[in-house]
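*Asks:* The chain contents come next:
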Amino acid sequence: MTYTTLDPLIATLFAVECRNHGQSIILATPRGRFAELDPSLTDAYFRRLERSVTLDVLPLEFTEGATHEVDVEQAINFLKPLTSDWLPERIHGISGLASALDEALARRLHLPDDSIRHFAAIMRSRSS
Amino acid sequence: MSNNLPTEFLISEVVENTNGSTSGPYRVLIGRCGDHPITVGDTFHRVYRHRPQVRPEELATPPVRESESGICVEVVRIIALNREFPILGQGSTGSLVVQGEGLDLLSPHAVLGQPLEAPTDRSADPTISTTNASSPQPAIR
Numbered sequence: 135m136t137y138t139t140l141d142p143l144i145a146t147l148f149a150v151e152c153r154n155h156g157q158s159i160i161l162a163t164p165r166g167r168f169a170e171l172d173p174s175l176t177d178a179y180f181r182r183l184e185r186s187v188t189l190d191v192l193p194l195e196f197t198e199g200a201t202h203e204v205d206v207e208q209a210i211n212f213l214k215p216l217t218s219d220w221l222p223e224r225i226h227g228i229s230g231l232a233s234a235l236d237e238a239l240a241r242r243l244h245l246p247d248d249s250i251r252h253f254a255a256i257m258r259s260r261s262s
Numbered sequence: 004m005s006n007n008l009p010t011e012f013l014i015s016e017v018v019e020n021t022n023g024s025t026s027g028p029y030r031v032l033i034g035r036c037g038d039h040p041i042t043v044g045d046t047f048h049r050v051y052r053h054r055p056q057v058r059p060e061e062l063a064t065p066p067v068r069e070s071e072s073g074i075c076v077e078v079v080r081i082i083a084l085n086r087e088f089p090i091l092g093q094g095s096t097g098s099l100v101v102q103g104e105g106l107d108l109l110s111p112h113a114v115l116g117q118p119l120e121a122p123t124d125r126s127a128d129p130t131i132s133t134t135n136a137s138s139p140q141p142a143i144r
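As you go down the protein sequences, you meet chains A and B in turn.
FYI, the numbering for the first sequence is 135 to 262, going by the working numbering.
FYI, the numbering for the second sequence is 4 to 144, going by the working numbering.
To be clear, the hints were calculated from the coordinates, so they are not data collected in a lab.
Hints are supplied without guarantee of correctness; some may be wrong.
Heads up, simulated EDC-like pairs for lysine to aspartate or glutamate below, C-alpha to C-alpha not over 20 Å straight-line [said to hold, decoys possible]:
hint : chain 1 : residue 1 : chain 2 : residue 2
1    : A       : 214       : A       : 172
2    : A       : 214       : A       : 203
3    : A       : 214       : B       : 61
4    : A       : 214       : A       : 198
5    : A       : 214       : A       : 248
6    : A       : 214       : B       : 60
Some chain A residues close to chain B (C-beta under 7 Å, calculated; not the full set) [claimed, not checked]:
hint : residue
7    : 179
8    : 180
9    : 222
10   : 226
11   : 227
12   : 229
13   : 232
14   : 233
15   : 237
16   : 239
Every residue, glycine too, gets a C-beta built ideally from N, C-alpha and C.
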């Protein structure tokens with residue numbers, strides 16, 4: 135299974151934490167390309183909090199099937215103007231990631247659909 | 004980096020009653036595994052909260068524990084995606100079914116973890132002890 139999100143800001147926060155382990159990129163694909171797993175009690179909670187969607191594929195299969203990718207630095211530069219410059223460039227571990235997700239929620243920073251479409255357009259232009 | 008980080012479970016919600024097969028007092032904790040995997044049978048001895056980190060630069064620094072209490076709860080089941088698993092990977096979300104002492108201390112935004120410094124009692128080790136506090140080399144008995 136592969137955990138994904140519908141929100142580029144959430145994906146970027148995860149990617150920032152992943153910088154602790156090396157180069158970090160964000161992969162994307164049109165919704166519907168992979169089968170989605172039915173949410174459990176846990177998934178329903180995080181679906182609401184993080185707009186998470188769990189796909190019925192291995193991460194490697196998702197990587198091979200992704201249609202677009204963007205470097206985390208590019209994602210940060212795009213998102214900062216939309217988040218009033220609130221966007222960490224480094225996050226200390228999973229506990230820091232959880233704090234960042236909570237803070238993004240508290241600040242109501244989840245992106246509206248038109249911003250998500252704009253982000254997708256940027257990804258397409260970077261990938262072409 | 005993760006080798007220096009503690010084994011933790013970050014609680015998002017606590018569910019007291021579900022249609023599970025666990026007998027006796029227990030709690031179902033919905034949340035996220037920290038920087039190390041959690042396995043069925045693991046025991047947590049501390050519950051605490053992290054001081055809120057709000058500014059972006061704060062998020063780059065280690066969290067500070069607050070309101071730390073001693074507990075002793077064992078992970079008896081791990082559930083995710085309507086299935087049971089023997090292990091919850093680092094960073095993954097899921098539910099832990101836990102039993103033991105201190106269940107009432109488990110609440111949303113609390114963190115399950117361990118003492119910051121492990122006990123240094125080596126009396127159970129029959130072969131190695133330090134000769135004195137200033138000696139850098141252990142003595143072999």
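*Asks:* Decide, hint by hint, whether the structure agrees.
*Replies:* Hints and how they fare:
no.	hint	result
1	214/A with 172/A	violated (33 Å)
2	214/A with 203/A	holds (18 Å)
3	214/A with 61/B	holds (17 Å)
4	214/A with 198/A	violated (29 Å)
5	214/A with 248/A	holds (16 Å)
6	214/A with 60/B	holds (14 Å)
7	179	holds (5 Å)
8	180	holds (5 Å)
9	222	holds (4 Å)
10	226	holds (6 Å)
11	227	holds (5 Å)
12	229	holds (5 Å)
13	232	holds (5 Å)
14	233	holds (5 Å)
15	237	holds (6 Å)
16	239	violated (11 Å)
In summary, the structure is inconsistent with hints 1, 4, 16 from the numbered list given earlier, while agreeing with the others.
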